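Asks: Here is what each chain is made of, one letter per residue.
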Amino acid sequence: MRTWTILTACAMWLSSVPQTLAATNSAQATRIQVTGEIVDTWCAVSGLMYGFGTAHHQCAVWCAIGGIPVSIRDASGNYYMILRIEDDDNSVANPRIVKIQTHSVSVDGDLIERDGVKYLFVTKVADDKGIVNLTHDDYGIVPFGN
Amino acid sequence: MLKPVLFAASLFALMSPPADAADSWGLDNETIIQMQVTVVDLACTLKNDCKPNCGDGKRQLGLLTAEGKLYPAVKSATPFAGLVRDLLPYCGQMILVDGLIIANPALTMVAVQNIRLTGDAPWQPTTAFETEWTAKNGAAEEWMRADSDVKAVIAADGVYGIKSLVAKP
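Sequences listed follow chains W and F, in order. Take the first sequence: its letters are residues 1 to 146, numbered as in my numbering. Take the second sequence: its letters are residues 1001 to 1169, numbered as in my numbering.
By construction, these hints were calculated from the structure, which means they are not laboratory data. Be a bit skeptical, because a hint or two may be false.
[As the list claims (entries may be wrong)] Output of the computed footprint for chain W on chain F, the stretches with three or more beta carbons under 8 Å from beta carbons of chain W:
hint, stretch
1, 1072 to 1078
2, 1110 to 1123
[Claimed, not checked] List of simulated lysine to aspartate or glutamate pairs, DMTMM-like, C-alpha gap at most 20 Å:
hint, chain 1, residue 1, chain 2, residue 2
3, F, K1047, W, D137
4, F, K1151, F, E1141
5, F, K1047, W, D89
[As the list claims (entries may be wrong)] Non-contacting residues of chain F with respect to chain W, defined by C-beta distances greater than 12 Å in every case (computed):
hint, residue
6, A1021
7, N1029
8, I1032
9, I1033
10, Q1036
11, A1135
12, G1138
13, A1152
Owing to the predicted nature of the structure, the values given are computational and were not obtained by experimental measurement. Glycine included, every Cβ here is placed at the ideal spot set by N, Cα and C.
Just chain W, same shape as in the assembly (with noise of 0.2 Å):
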């Protein structure tokens, strides 16, 4: 009796998992540390409206409460999408990412890249300037102005 019950939890589990079947394709990760802007992918990489800085932060974060994926862009223009912030796996409009919307920060992190992106799992946020991006000056409020 214990044995089908253990058996019986064992392939409700499996049922519910569906996407271990998918992780076969699993990479190595490398550990870096990267430098940049925290930013809403699709604007910013779509090129839709421009994306960066203060002038966007308003969009940044309806993109992200809207559960649009966030990267972080480096100086020379790499995206790294986040897909974990330190314990918390949560990447969907997670709070703590809402809140450092178009900060400048450096992490550190593991990077897997594959078909042309860098997804980064962030381990430890290890510096945060704050919002250093000032556009809204050349760019108002993007988009829809003031």
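Chain W is already provided as a structure; the job is to place chain F on it using the hints.
Replies: Only chain F this time, still in chain W's reference frame:
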């Protein structure tokens, strides 16, 4: 600077009923696509860090092709919203997606406008975020200006993210 014509066109497109093919947004590096993919939890696929039901809506999701190519699912048909709520019901399942691949050399991503389970099923627009938000909060002209979490962040830090900077009227 915002491209106002493109932006207006994209908003118009979002309000249109789903057609057989995705609408172009006129973006650089954009390709209109329809492809069959499996919905996956990115952290699980990349790092074997898996949770039941793709993280129950708390993890970013990806689209895995039969050839093994992985795309991050970034943008839905709801303005300023992602795809997790649209894709989560299909965690681990194969679906058809209709949308745009943005192959920026710095980062490749997908915006999905419509999804369907099989080739003859009707396309469903990726508006789950707005549907769920409206069911919870009531109708609003712009969800992002009416959202209590957004309002709390902007009230605390200001529209520019720095409390001492006040927007000109």
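Asks: Could you run down the list of hints and mark each one as holding or not?
Replies: Against the structure, the hints come out as follows:
no. : hint                : in the structure
1   : 1072 to 1078        : holds (count 4)
2   : 1110 to 1123        : violated (count 1)
3   : K1047(F) x D137(W)  : 42 Å, violated
4   : K1151(F) x E1141(F) : 15 Å, holds
5   : K1047(F) x D89(W)   : 12 Å, holds
6   : A1021               : 19 Å, holds
7   : N1029               : 8 Å, violated
8   : I1032               : 14 Å, holds
9   : I1033               : 14 Å, holds
10  : Q1036               : 14 Å, holds
11  : A1135               : 16 Å, holds
12  : G1138               : 17 Å, holds
13  : A1152               : 10 Å, violated
Taken one by one, the earlier hints fail for this structure at numbers 2, 3, 7, 13, listed in ascending order.
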